[in-house]
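Engineer: Sequence:
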Amino acid sequence: MAEPQRLYFTTPLFYVNAEPHLGHTYVTLVADVLARFWRARGRTVFTLTGTDEHGDKIAQAAARAGVDPKTHVDRMSGLFRETWDQAGLRYDHFIRTTDPHHVAFVRRILAEIHAKGDIYFDRYAGLYCFGCERFYQERELENGLCPDHRVAPTEIAEDNYFFRMGAYQERLLALLEERPDLIWPEGYRNEVLAMLREPIGDLCISRPKTRLTWGIELPFDDRYVTYVWFDALLNYVSALEHRGLMEFWPTAHHLIGKDILKPHAVFWPTMLMAAGLPVYRRLCVHGHWKMQQDKMSKSLGNVVRPLDMKARYGMDAFRYYLLREMAFGYDADWNEAALVTRLNADLANGLGNLASRVLAMQQRYFGGVVQPLEATAADLALRAAFAEAAEAMERHVEQLALHRALEALWRALDHANKYVVEQAPFTLAKDPEKRGRVGAILHELCEALRHTAQLLEPFLPETARKLAAYLGFPEERLADLALPWGAAFAPGRRTTAAQPLFPRLETT
RNA sequence: CGCGGGGUGGAGCAGUCAGGCAGCUCGCGAGGCUCAUAACCUCGAGGUCGGUGGUUCAAAUCCACCCCCCGCAACCA
Numbered sequence: 001m002a003e004p005q006r007l008y009f010t011t012p013l014f015y016v017n018a019e020p021h022l023g024h025t026y027v028t029l030v031a032d033v034l035a036r037f038w039r040a041r042g043r044t045v046f047t048l049t050g051t052d053e054h055g056d057k058i059a060q061a062a063a064r065a066g067v068d069p070k071t072h073v074d075r076m077s078g079l080f081r082e083t084w085d086q087a088g089l090r091y092d093h094f095i096r097t098t099d100p101h102h103v104a105f106v107r108r109i110l111a112e113i114h115a116k117g118d119i120y121f122d123r124y125a126g127l128y129c130f131g132c133e134r135f136y137q138e139r140e141l142e143n144g145l146c147p148d149h150r151v152a153p154t155e156i157a158e159d160n161y162f163f164r165m166g167a168y169q170e171r172l173l174a175l176l177e178e179r180p181d182l183i184w185p186e187g188y189r190n191e192v193l194a195m196l197r198e199p200i201g202d203l204c205i206s207r208p209k210t211r212l213t214w215g216i217e218l219p220f221d222d223r224y225v226t227y228v229w230f231d232a233l234l235n236y237v238s239a240l241e242h243r244g245l246m247e248f249w250p251t252a253h254h255l256i257g258k259d260i261l262k263p264h265a266v267f268w269p270t271m272l273m274a275a276g277l278p279v280y281r282r283l284c285v286h287g288h289w290k291m292q293q294d295k296m297s298k299s300l301g302n303v304v305r306p307l308d309m310k311a312r313y314g315m316d317a318f319r320y321y322l323l324r325e326m327a328f329g330y331d332a333d334w335n336e337a338a339l340v341t342r343l344n345a346d347l348a349n350g351l352g353n354l355a356s357r358v359l360a361m362q363q364r365y366f367g368g369v370v371q372p373l374e375a376t377a378a379d380l381a382l383r384a385a386f387a388e389a390a391e392a393m394e395r396h397v398e399q400l401a402l403h404r405a406l407e408a409l410w411r412a413l414d415h416a417n418k419y420v421v422e423q424a425p426f427t428l429a430k431d432p433e434k435r436g437r438v439g440a441i442l443h444e445l446c447e448a449l450r451h452t453a454q455l456l457e458p459f460l461p462e463t464a465r466k467l468a469a470y471l472g473f474p475e476e477r478l479a480d481l482a483l484p485w486g487a488a489f490a491p492g493r494r495t496t497a498a499q500p501l502f503p504r505l506e507t508t
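Its first residue numbered 1, the first sequence is counted upward by one per residue in my numbering.
Take these hints with a grain of salt, some might be off.
Cut-off 16 Å, straight-line C-alpha distance, at most; resulting in silico cross-link-like pairs (EDC-like, lysine to aspartate or glutamate) [unchecked claim]:
(1) Lys262 - Glu198
(2) Lys209 - Glu198
(3) Lys418 - Asp346
(4) Lys290 - Glu325
(5) Lys209 - Glu325
(6) Lys209 - Asp159
(7) Lys290 - Asp346
(8) Lys209 - Asp221
What the hints contain is simulated information worked out from the structure, not anything from laboratory work.
Given these sequences and hints, build the entire structure.
Structural biologist: Right under this line is the structure:
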């Protein structure tokens with residue numbers, strides 16, 4: 001079966017109650033990498049990110065800051081947008097849940113589902129803490145008391161609207177059986193199957209305005225606003241509708257963290273079924289970055305700010321660490337010392353040094369002019385190493401194993417470094433009769449670097465551009481360099497002298 | 001029997017789905033090279049892949065049982 005030509009990647013909508021941190025950055029980075037990767041291979045890709053801006057917490061934060069909610073969310077949303085722009089993390093559309101088109105879309109879908117009878121009005125009775133202005137579940141209480149206020153919650157009843165989610169449980173289960181790759185990695189699929197072994201019940205989707213006004217008003221009852229689920233999840237569709245790109249919807253790949261698995265794996269598909277829309281193509285669930293400190297660290301302000309990392313190490317080194325260190329789906333440890341180790345070992349000593357030595361010899365022996373090839377067995381082995389890397393990278397990226405894709409490319413780079421030592425062009429260069437061979441060796445190595453630039457572009461775009469420029473391709477888009485080995489360097493084509501791509505950092 | 005994840009040379013990890021010489025980075029020891037960012041290349045020391053049993057020509061990988069460690073969210077109706 002042929003893969004669809006289009007691809008649609010989404011990040012979660014980030015709740016604007018905190019500044020952009022490592023978790024936001026990681027998933028946005030992955031979306032950027034996947035988009036670049038598949039575009040370079042001819043797919044038509046659309047990516048979405050944005051901010052989720054309604055709810056109690058936002059209204060309260062705005063009140064504390066002494067501004068109205070809209071002013072507050074404008075500022076916070078702008079912070080996310082600027083961060084991604086400055087970090088070079090690209091997206092095709094940035095949606096805000098306060099966008100008028102989104103609000104209208106949510107109201108339309110709610111009205112439709114209400115009209116077909118899948119939204120009903122009912123009374124909920126539960127334990128309410130007036131201090132927190134929220135209900136508590138039994139298991140959340142500490143000795144029967146609210147953990148914040150240390151008072152016993154009051155049993156009260158409240159009327160609300162509910163989505164008939166339970167009615168779609170069997171269909172959802174059947175869908176998971178039919179499409180084993182719907183949720184990836186498999187561990188999360190199993191977790192969802194476990195959730196579906198119990199009745200999922202119905203979902204409360206409203207809040208009375210007496211408790212919350214900062215939200216989207218229900219189209220069928222102006223005393224209520226919709227509460228989180230329809231508001232936030234529908235963004236994935238409303239953005240496409242707004243842009244007139246609904247044909248991308250069936251190809252949706254949602255990138256999410258494991259913390260929001262249930263809303264995306266249970267609530268969202270049932271909502272889509274009720275709305276008469278196809279379920280997304282795949283849910284891609286990543287693990288969490290664990291800080292060495294405990295989870296208190298976040299409230300101490302000990303957050304990893306992407307732009308700080310960019311300033312300290314360069315965005316590409318930061319990208320490399322995040323992509324190389326985390327096996328998508330699993331948790332990983334955030335460790336800045338490990339970042340420096342990776343930067344020195346893989347980027348400076350491996351890739352950077354290879355580029356330096358090749359370009360320096362090319363410059364010294366031939367003034368940068370690329371010489372004819374002659375293809376010995378060793379040369380062909382070098383080409384094979386890069387061909388294999390290209391093939392392996394595609395296989396790994398399909399499975400979101402980005403760390404393995406990079407590992408595969410670095411195997412080829414190791415091969416190239418070995419090739420330099422074994423072919424020893426610097427020794428042959430002392431013998432004028434071997435000049436042709438020296439030129440051929442360096443041409444092979446320039447090709448190795450050109451292929452590296454191309455294969456690396458989705459992961460380390462800045463480095464790829466620099467490398468291409470050193471090789472004498474300052475203008476071309478890297479995708480245009482997808483030429484066969486030996487076809488890129490026309491006679492007389494020159495490379496230039498290079499600055500180190502990555503300076504080594506001292507370890508302390 | 002709540003659910004999930006993990007236990008692989010000194011450290012940190014990949015590999016487990018699709019069984020086939022136990023791999024990567026760092027660190028350590030010896031050598032080579034001198035083009036290069038004191039980088040690069042080679043060799044070496046170091047692991048009964050948590051345990052036991054099973055399937056198999058073959059198990060880190062599949063199956064069963066056991067031991068230990070870590071998470072369990074939220075805008076939590």
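Engineer: Hints numbered earlier in the text: which of these fail when held up against the supplied structure?
Structural biologist: Those not satisfied are hints 2, 5 and 7.
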